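Let the sequences and hints guide you as you build the complete structure.
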Amino acid sequence: MHILHGRVALALHELSRRDGPALLLLHALFGSSADWGEAAATWPGAVFALDFAGHGESESVLGGAYCPEMLAGDADAALAHIGVAAIAGAGVGAYVALLLAGARRDRIPAALLLPGDGLAGGGPLPDFDREFPSFTVGARAPGECDPMVQALDRDVRPVEYAEPFARAAQRLLLVEDGTPRPPWWEAARHGPSATVIHTDVSAALQHLGATQITDH
Amino acid sequence: MSLRIVVDVTEPSFPGAVAPQRRTTVDSLGLRLNLLEWGDPEASPLVLTHGMWDHARSFAVFAPLLADRFRVIAVDARGHGDSAWAGAYSWFTDVLDVINVLRWVGRPAVLVGHSKGGGQATDAARAVPELVTKLVSIDGFGPPSLIDEQPLPVRFAEFLDQRRRQVQRGTWRPYASLDDLVERRRAQNPRLSRDWLRYLAFHGARVESDGWRWKADPLMAHAIGPWRPEWIGPSYATLRVPMLAITGSESDTWGPLPEPVLAERLQRVPQLARCTIRGAGHFVHIECPAETAQAVLDFVRS
Numbered sequence: 000m001h002i003l004h005g006r007v008a009l010a011l012h013e014l015s016r017r018d019g020p021a022l023l024l025l026h027a028l029f030g031s032s033a034d035w036g037e038a039a040a041t042w043p044g045a046v047f048a049l050d051f052a053g054h055g056e057s058e059s060v061l062g063g064a065y066c067p068e069m070l071a072g073d074a075d076a077a078l079a080h081i082g083v084a085a086i087a088g089a090g091v092g093a094y095v096a097l098l099l100a101g102a103r104r105d106r107i108p109a110a111l112l113l114p115g116d117g118l119a120g121g122g123p124l125p126d127f128d129r130e131f132p133s134f135t136v137g138a139r140a141p142g143e144c145d146p147m148v149q150a151l152d153r154d155v156r157p158v159e160y161a162e163p164f165a166r167a168a169q170r171l172l173l174v175e176d177g178t179p180r181p182p183w184w185e186a187a188r189h190g191p192s193a194t195v196i197h198t199d200v201s202a203a204l205q206h207l208g209a210t211q212i213t214d215h
Numbered sequence: 000m001s002l003r004i005v006v007d008v009t010e011p012s013f014p015g016a017v018a019p020q021r022r023t024t025v026d027s028l029g030l031r032l033n034l035l036e037w038g039d040p041e042a043s044p045l046v047l048t049h050g051m052w053d054h055a056r057s058f059a060v061f062a063p064l065l066a067d068r069f070r071v072i073a074v075d076a077r078g079h080g081d082s083a084w085a086g087a088y089s090w091f092t093d094v095l096d097v098i099n100v101l102r103w104v105g106r107p108a109v110l111v112g113h114s115k116g117g118g119q120a121t122d123a124a125r126a127v128p129e130l131v132t133k134l135v136s137i138d139g140f141g142p143p144s145l146i147d148e149q150p151l152p153v154r155f156a157e158f159l160d161q162r163r164r165q166v167q168r169g170t171w172r173p174y175a176s177l178d179d180l181v182e183r184r185r186a187q188n189p190r191l192s193r194d195w196l197r198y199l200a201f202h203g204a205r206v207e208s209d210g211w212r213w214k215a216d217p218l219m220a221h222a223i224g225p226w227r228p229e230w231i232g233p234s235y236a237t238l239r240v241p242m243l244a245i246t247g248s249e250s251d252t253w254g255p256l257p258e259p260v261l262a263e264r265l266q267r268v269p270q271l272a273r274c275t276i277r278g279a280g281h282f283v284h285i286e287c288p289a290e291t292a293q294a295v296l297d298f299v300r301s
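Residue numbers (numbering that gives the first Met the number 0), protein chains in the order written: chain Z, 0 to 215; chain L, 0 to 301.
Don't take each hint at face value.
[To be verified] Quick look at which bits of chain Z chain L covers, simulated, 3 or more residues with Cβ under 8 Å:
#1 10-18
#2 57-65
#3 70-80
#4 117-128
#5 197-211
[To be verified] Pulled a few chain Z residues facing chain L out of the computed Cβ check, cut under 8 Å:
#6 M0
#7 H4
#8 G5
#9 V83
#10 F131
#11 A140
#12 M147
#13 A150
#14 R180
Quick caveat, the hints were computed from the structure, so don't treat them as lab data. Keep in mind that this is a model prediction, so the values were computed, not measured. All C-beta atoms, glycine included, are put in the ideal place defined by N, C-alpha and C.
Listed below in structure tokens is the structure:
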């Protein structure tokens, strides 16, 4: 189905329709809902996967203004359709999941943060020598992302910006494997509700599902 | 309810205001930007960028005062004036628009911006110093330090709520007459004459079947993000072209910044000149076009 955020029609895929707690999946930068494969096959309720603007089967943002806050608006438009849901995000989707879990704490009982493309963004502080790259972009090719989404790999993600969202979130699960995580992630890990787990994506989603069954 | 629509479509005149000699459009990131030009097309270029909710015709008195010496090119920013509306807005893409206009001009230009357009002109000059000979910012030095009255997640939720409402609304309410728009604009330009306000409102709005509407896109009204005013000063340190910083002497809704805040930011500019226009508020070039144009010409000559 398609939902609207502002002027952009977004593809929201309903992957499963079971009775039980709902799950919303948010893919990584340059990715799409197809990346989740069968990862959420054992989820105990309805599963939705969103294509962010400029990705997958969603429309591009005319004029190319992409930032995590707008992606959070994309995901919030999906929540307006779904209702209360746990969310899982990879890469830039993990950062969006943190923002949303803090801002919509009454509608998001838990958020799972996974690594992936666009996880670090432009780092914790502005780099005044590389803010405005001289990139020229062409049109979006069929089946590809809007080339302007690369802006999501350079937005600044300060620790002190991430911290209040981590404090407000009901429950955060962070998947780690020993590889480095960006500073905003470290802030999320220090949130009062945060738990670190060391598993693959499917096991992490099962873990998230188990917490939702308990809470449901 | 019946709304009496006054369709007074005759273009208002104002002493000193000159219609542009040429109009053109430039594609930037898939959007059509509207450009107005005054002066000899072979003369050395000078690019003007306006502020939030304003439009290129607001330079109609200022630009002709520079057109003896320059090919003056005033840009309608995306979502403003006769440029196209975007799907969403960001500072980053606004600055890329200015850079794309400079690339389109193809010769190093003097770059002059007002308010938000001044801040974006400054960022464009930092990004492509090879395309900018000199920079003039007219009271475009950012907001004072932010006072966060609500916790960030609460403000973020309000931002999301506004995004949801925007989907349902998406357009301005219509005004019954141009005079209603004039009154609205008077609130932020209290020192301007009625004729000048009428000129500015006329070109900032269009008449539709149910009344007058601002041309500027209401979608720009709401934004949130990690950006801090404390980043402005350090960004100025990377500026490689000379900057003239123009402010007005009078306090009004949008400026100027308290002098200690402004001085602290501007002291980071490697090559800085400053100029205060007596009697002007935030809209320096609209309130005192002759004095502001003279300051720009003196700076370019220096």
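Here's how the hints hold up against the structure:
Only residues whose C-beta sits within less than 8 Å of a C-beta in chain L count toward coverage, and the segment 10-18 of chain Z has 0 of them, not enough to reach three; the restraint is violated. Coverage of the segment 57-65 of chain Z by chain L holds [criterion: at least 3 residues with CB-CB distance below 8 Å; count 8]. Using a Cβ-Cβ cut-off of 8 Å, 5 residues of the segment 70-80 of chain Z lie near chain L, which meets the minimum of three, so the contact claim holds. With 3 residues bearing a CB less than 8 Å from a CB of chain L, the segment 117-128 of chain Z meets the requirement of three and the coverage assertion stands.
Requiring three or more residues with a Cβ within less than 8 Å of a Cβ of chain L, the coverage given for the segment 197-211 of chain Z is violated, as only 0 such residues are present. Because the smallest distance between the Cβ of M0(Z) and any Cβ of chain L comes to about 16 Å, over 8 Å, the interface hint for this residue is violated. Interface restraint check: H4(Z) against chain L, minimum CB-CB distance 7 Å, threshold 8 Å, status holds. Taking 8 Å as the C-beta contact cut-off toward chain L, the hint placing G5(Z) at the interface holds, the least distance being around 6 Å.
Proximity of V83(Z) to chain L is violated relative to the hint, the smallest CB-CB distance being about 15 Å (cut-off 8 Å). Because the closest C-beta pair between F131(Z) and chain L is about 4 Å apart, less than 8 Å, the hint holds. At a threshold of 8 Å, the smallest CB-CB gap from A140(Z) to chain L is about 13 Å, leaving the interface hint violated. Residue-level restraint check for M147(Z) holds (minimum Cβ-Cβ distance to chain L is 6 Å; threshold 8 Å).
A cut of 8 Å between beta carbons decides the hint on A150(Z): the least distance to chain L is about 6 Å, and the hint holds. A hinted interface residue such as R180(Z) counts as satisfied when its beta carbon comes closer than 8 Å to some beta carbon of chain L; here the least separation is about 18 Å, so the hint is violated.
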